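*Asks:* First to last, the sequence lines map onto chains A and B. The first sequence: position 142 = 142 (the working numbering), numbered continuously. The second sequence: position 71 = 71 (the working numbering), numbered continuously.
Treat the hints with care, since some could be wrong.
Okay, derived cross-link-like pairs now, SDA-like style, lysine to any residue, Cα gap no bigger than 25 Å in a straight line [claimed, not checked]:
id	chain 1	residue 1	chain 2	residue 2
1	B	68	B	138
2	A	3	A	159
3	A	98	B	47
4	B	40	A	102
5	A	123	A	71
6	A	170	B	71
7	B	128	A	167
8	B	177	B	131
9	B	143	B	71
10	A	98	B	138
11	A	98	B	143
12	B	143	B	113
13	B	40	A	85
14	B	126	A	174
15	A	67	A	125
Label-pair restraints from in silico Cβ distances [claimed, not checked]:
id	chain 1	residue 1	chain 2	residue 2	range
16	A	105	B	22	30 to 38 Å
17	B	37	A	165	16 to 24 Å
18	B	142	A	168	37 to 45 Å
19	A	95	B	71	16 to 24 Å
Calculated from the model, a selection of chain A residues having no Cβ within reach of chain B, i.e. all distances over 10 Å [to be verified]:
id	residue
20	68
21	76
22	77
23	91
24	98
25	150
26	177
27	200
These aren't lab readings, by the way, just hints derived from the structure by calculation. Just so it is clear, the structure is predicted and the values come from calculations on it, not from any experiment. Using N, Cα and C, we set each Cβ at its ideal position, and we do this for glycine too.
Here is what each chain is made of, one letter per residue.
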Amino acid sequence: MTKGEFKLKLIDGLLLNNPVLVQLLGMCSTLAVTTNLFNGLGMGIATTIVLTMSNLIISLIRKFVPKQIRIASFIVVISGFVTAIELLIRAYVPVLDKSLGIFIPLIVVNCIILARAEAFASKNPPLPSVVDGLVMGLGFASTLVVLSVIREIIGYGTIGGLNIFGENFKGATLIAMPAGAFITLGIIIATTRYFVNKSKQKC
Amino acid sequence: MLKINKESILYTVIVLTVISSGIALLLAIINSVTSPVIAKKNLEEKGNAIQSIYTDYISFESTKTEVKNAEELYIVSHGDTTDYCVLVSPSGFGGEIQMMVGVTGDLKISGVEIVSMSETAGVGTKIKNADFLSQFIGLQVNKISTDVDVISGATVSSTAAKVGVETALDAVSEYLKAGDNG
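Full structure from sequences and hints, please.
*Replies:* As structure tokens, then:
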């Protein structure tokens, strides 16, 4: 794979086929954990690692797995990696384990991971599968970061826990609530669609 | 070479077994590495919570007795006295609130510390504020429902904290009673 191809893939993952903004996958974790930058980033990184690793393994075993049990095998691989990540987070980043709680084990049912396993990794060789997992993971993580930064600033007046508007700023709690996540996500999707369409028209 | 029939039941069983055992092996390795670290972290966390209640704390040990509704009861030596700490987890708005409650030998609250919770950020999480938690200090069981003001907007979370404190007091009084009889 050349640099140019990777660049195209990256643009695909980040913008044109962004798993959250375009495919609208993995809404559960996207809306629930993006209350602050730390949570959003932690979730993004954890999901990217699981996605990349499971894509690699699924691509390696794709020729041995009969099609009747492919979903079962994929889920076993995915949940294995999620449990591994969960144990590692609990041992080495306990703060993240505290704030993400149940959403770490729920990465198993994040449909981005199963979707990429089924749609890409089960039909392609290991290297492209790893790249696909990585760019899709980055697309997911970057959206989560943007969403959580916006929500944290408006909802609490902080970035990464640092107060930016002074002590007297009372955040708009609505944005910090689940309803605010929907509203913010809608605005982000609309904005990116606008710019993507505009650049398409120019071409 | 032996021709494998990929459609056969036996083949699917073997493949799934191999994949599952591979993943199980991976998890076993990771678990053996992380479980001591996690256990140590948990113990430290409890120690820290106890220390913030009894600042002059020397050591604590789990009584390992079954206590009603509470997770664990600790005997804490601090200064030259021994008091109790109870780990309780009442249900709040967003799941369990794990809290450490310090109880003195004459059944008064000596301190409350939230260990972990998943309450609504910015609303329910206010129960962690010292303003709220310090209200409990010195209270006896019959005063908790009247003398502690709940936080407006966070009624469920504050009530859960009250329930947790009451549970802790119950647990210690039961424990002391059992001690008298035995």
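*Asks:* Take the hints in turn and mark each one as holding or not.
*Replies:* Each hint, compared with the structure:
1. Proposed proximity of residue 68 (chain B) and residue 138 (chain B) is supported: the alpha carbons are some 22 Å apart, at most 25 Å.
2. Distance restraint check for residue 3 (chain A) and residue 159 (chain A): the Cα-Cα separation of roughly 34 Å exceeds the 25 Å cut-off, and the hinted pair is therefore not satisfied.
3. For the given pair, residue 98 (chain A) sits about 17 Å from residue 47 (chain B) by alpha-carbon distance, which is consistent with the 25 Å threshold.
4. Between residue 40 (chain B) and residue 102 (chain A) the alpha-carbon distance is near 21 Å, which keeps this suggested pair within the 25 Å criterion.
5. Of the pairs offered as hints, the one joining residue 123 (chain A) and residue 71 (chain A) holds, with about 13 Å between alpha carbons and a cut-off of 25 Å not exceeded.
6. The straight-line distance between the Cα atoms of residue 170 (chain A) and residue 71 (chain B) is roughly 37 Å, outside the 25 Å bound, and the hint therefore fails.
7. A C-alpha spacing of about 18 Å is found between residue 128 (chain B) and residue 167 (chain A), which places the hinted pair at or below 25 Å, so the restraint holds.
8. For the hint linking residue 177 (chain B) to residue 131 (chain B), the alpha-carbon distance of about 33 Å lies beyond 25 Å, and the restraint is violated.
9. Pair hint residue 143 (chain B) plus residue 71 (chain B) holds up; C-alpha atoms about 23 Å apart against a cutoff of 25 Å.
10. Restraint check for residue 98 (chain A) and residue 138 (chain B): not satisfied, since their Cα atoms lie roughly 30 Å apart, outside the 25 Å limit.
11. Among the hinted pairs, residue 98 (chain A) with residue 143 (chain B) is inconsistent with the structure: their alpha-carbon atoms are about 32 Å apart, more than 25 Å.
12. With a C-alpha separation of about 19 Å, the suggested pairing of residue 143 (chain B) with residue 113 (chain B) holds against the 25 Å cut-off.
13. Proposed proximity of residue 40 (chain B) and residue 85 (chain A) is supported: the alpha carbons are some 19 Å apart, at most 25 Å.
14. Taking the CA atoms of residue 126 (chain B) and residue 174 (chain A), the gap is near 17 Å; set against the 25 Å cutoff, the hint holds.
15. Of the pairs offered as hints, the one joining residue 67 (chain A) and residue 125 (chain A) holds, with about 17 Å between alpha carbons and a cut-off of 25 Å not exceeded.
16. A C-beta distance of roughly 20 Å is found between residue 105 (chain A) and residue 22 (chain B), which places it outside the suggested range of 30 to 38 Å.
17. Between residue 37 (chain B) and residue 165 (chain A) the beta carbon distance is about 38 Å. The supplied range of 16 to 24 Å is therefore violated.
18. One distance hint, 37 to 45 Å for the beta-carbon pair residue 142 (chain B) and residue 168 (chain A), holds here, with the actual separation near 40 Å.
19. For the pair residue 95 (chain A) and residue 71 (chain B), the supplied restraint of 16 to 24 Å holds, since their beta-carbon distance comes to about 21 Å.
20. With a cut of 10 Å on Cβ distances, residue 68 (chain A) falls inside the contact zone with chain B, its closest approach being about 6 Å.
21. For residue 76 (chain A), the shortest C-beta to C-beta distance to chain B comes to about 5 Å, within the 10 Å cut-off, and the non-interface label is violated.
22. Residue-level check failed: residue 77 (chain A) sits 6 Å from the nearest beta carbon of chain B, not beyond 10 Å.
23. Look at residue 91 (chain A): its CB is around 4 Å from the nearest CB on chain B, not clear of 10 Å, so calling it non-interface is violated.
24. For residue 98 (chain A), the requirement that its beta carbon stay farther than 10 Å from each beta carbon of chain B is not met, with the minimum near 5 Å.
25. Here residue 150 (chain A) stays apart from chain B, with its beta-carbon at least about 15 Å from theirs, past the 10 Å limit.
26. With a closest Cβ-Cβ approach of about 7 Å to chain B, residue 177 (chain A) is found to fall inside the 10 Å limit, against its non-interface label.
27. With a closest Cβ-Cβ approach of about 39 Å to chain B, residue 200 (chain A) is found to remain outside the 10 Å limit, as its non-interface label requires.
Figure legend: structure checked against the earlier numbered hints; hints not met, in rising order: 2, 6, 8, 10, 11, 16, 17, 20, 21, 22, 23, 24 and 26.
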